[in-house]
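Single-letter residue listing:
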Amino acid sequence: MLIALPPWVPMVISGFVVLNVVIGLVTYITLLERKFAARMQSRIGPYRVGPHGLLQPIADALKLMMKEDIVPTAADRRIYNLAPIVFLIPCMLIFATIPFAPGLGVADLNIGILFFLAVSSMEIVGLFMAGWGSNNKYALLSAMRAVNQIISYDLPFIFSALVPVLLTGSLKLGDIAAVQQGSLFNWFIFYPVIGQLAFITFVVATLAAENRVPFDILEAESELVAGFRVEYSGMKFALIQLGEYAHMIGSSFLGALLFLGAWSGPGPEALGPVWFLLKMIFMFLVVTWIRWSFVRIRVDQILALSWKALLPATLALLVSTAVVVVWRTGGF
Amino acid sequence: MLDQNTTTRVEMDWSGPERLQMNMGPQHPSAHGVFRAIVTLEGETVVAVDAVIGYLHRCHEKLSETLTYAQYPSIASKTDYVAAMTSEFAYVMAAEEIGKFEVPKRAQYLRVIVAELQRIASHLLWLGTWCMDMGGALGGGATIFLYCIRERELILDLFEALVGARLLYGFFQVGGTRYDIPDGWAQKCRETIAVIESRVDEYEQMLEDNAFFLARARGVGVVSRELAQDVGIAGPLLRGSGIDYDLRRNAPYSSYQDFDFTVPTEKDGDCYARYKVRMQEFRQAVAIIRQALDKLPAGPISSRPALKSVAQIRIPKGEAYARVEGPRGEVGSYIISDGSAKPYRMKWRGASFSNLAILPHIIPGHKVADVVAIMGSVDPVFGEVDR
Amino acid sequence: MNAEQARASLASTFGVEVAAGVPMVVTVAPDRWEELARYAKETVGCRFFNFLTAVDWKEQGLEVVARVDNLDDNVGLMLKTRLAPGVTNCASLTPVYRGADWMERECFDMFGIRFDNHPDLRRILLEDTWEGHPLLKSYAVDTPHPPYR
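Chains as they are written, first to last, in the numbering used here: chain S, 1 to 332; chain B, 1001 to 1387; chain Y, 2001 to 2149.
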């Protein structure tokens, strides 16, 4: 007979499972990115470690765990040590609200998407702590740029994520996904004009929120040499990388859910999560493709693009979505 | 040294006139070698630049006083190691000018072919590293860097077949060249430059349609005509600022007058103008190589007997300044000879040394990100700067 | 002005014999060095500053050599001035040509020539604590140098 479990036990178990799956995904998605980038640059990528480089992420993880943990003498120890953790927690927390299949998720909150957007912008606190605590001019400069950039691009990110919310009428991620089931053309990306525009602005804002080229002014290897991460080594560096890629994957999941129909796809219901995963990988590869093709633009150009172009555009898009929704439901 | 009082600890009040001194280099992914720039920042804007060089100083000029005219050309390539052929060219031409040695026609044409191939290889490296500076080693810049390196490998293969070395050659000697082209080399050369020509078209298209690239390169690092001449920069920097001067046409050497080519010039003086000049130079170099291969005369490759001893070449008393149009500008060698087997004084006019002197004049006013873009478009090689 | 006119006017203004050839060599006394450079830039039109260097003639003193070019008329001028034996001061050309800045710093570094009116005369290629001036003939090639800190 089943023992009556306290209600928090399933949550803890599902949270634990999701965290582990995410970490596993993160390690292998780095390999995917490296292979993809290598093929774009007419080379092969990791090949020797394991068959076709499949054991490369494990080797990298082991290496990072065994590295010496160097702390600069003048660094602010408490902030320096806390920063990777404060950076990592929001990046992991965003997976709490994503439903991987109807009913299969850690916590499908009523305000799911609001929670996601709010928590994902909390990572900037960890980022700034890392830049400040390192006591390094490069790290500080990059942390300032990061604050600038993420604040500027959060608004377009929110507005373009709100377009599917308006089209659904609910903040719950499970509902947004459910509305897109059925046929292919229910997907919000196929919604005439508004869907495509919202998808494009969502991708641009995602690139900026995750500090990917062309908006990676914050790390800018050729100027600031790894930016706010410059003083971190070993496991702390691994935590920061983990957080970054986890955030990337989380945003890709969100994009797949908002625009690409989440788990809808041909075949039986049980294949739903597989389709979701594939769509997430597609979003990730779109971002990676852009990353490996463009040069970066300067910080003042990034801010100009956000405040002068993207924000008014997404605002106008949101307003017109609202008008369209009211018109469609016969409100006029 | 600099005024020590201006070194402030990190003051985070950006509303005031607090200035931050930041050190870029000498170990830096985009310093193009060993270069230290102490930039004074006000917010994100650079207010002053102090360029500290000399990390690669090996005192070539003193070294040349201890090496004979037969020994030095192999060492000369270590100044501009990215374009080693043109470095050797200047020294050897200066020695020939003092000694009034005739260089046979075939050797002259071979020198032209090799110099133009070197120009293409050097510009490929420039394009790759400049885009990498702007795009990041983990980003779009690395993509075009790898494509350019792939093309450069084709040319280095040609050099390896000719000389035996990939980067630092000992191809030039006083009186002509040291090696002749092997069988089948001319055909391989034609195929290579055809491939490179088509790929350069591809890269140009890829970059010019890219709004981000144009935003980074247009209007950045403008060098006025007057400043360009006053400081003494040369090569694509001079031609990008509107001054139509190319040594191959204005002061022809080594039979450049036999070839038909145009000299690209742009008016704007910004990074984009210099980029356009260099892209055009790719095509002109390809045209010159084709003409030289077609008209290559038969004959000896050197007017001097083969080298049997190091002190074999003796040059009468005199002095001469010989210059070549290298990929970076005017590379010159001023030799004063006292009649013995070694020079009395040898001065290298390094193109990059004069080009780099323009940085303190044009960088103030730009943002930090532009510093790397400008440095990339100036294209310094520190072997030449520091000698 | 073209090469012939330049030769004639230089010979007449500075009272020196200017040999024909490419480039033309003009030798003046050190006290007219800056005047010569200014004349070359403004009157002869040699606005392109090529290089500036020095030669150590042992007992006969140091010689400062500069080359300037007129790009439009294709005129090259080699300006020379012989400093008296034991003299290590020379007028600076930085008020006339901005490019002389780094070149003169290199001459100071390598030969010990102090240029008057130079805005920032310090060593450029060697470190500041280096002793000696390497390109002088009195500096042996195998002089042990102070180790870098």
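Simulated from the structure, these hints should not be mistaken for lab results. Computed from a prediction, not measured in an experiment: that's the story for all the values here. Using N, Cα and C, we set each Cβ at its ideal position, and we do this for glycine too. Treat each hint with caution, since some may be false.
[Stated by the list, open to error] Chain B regions said to be covered by chain S (calculated; three or more residues, Cβ under 8 Å): (1) 1124-1135; (2) 1154-1166; (3) 1200-1214.
- Message: Please list, smallest to largest, the hint numbers that this structure does not respect.
- Response: Number 2 only.
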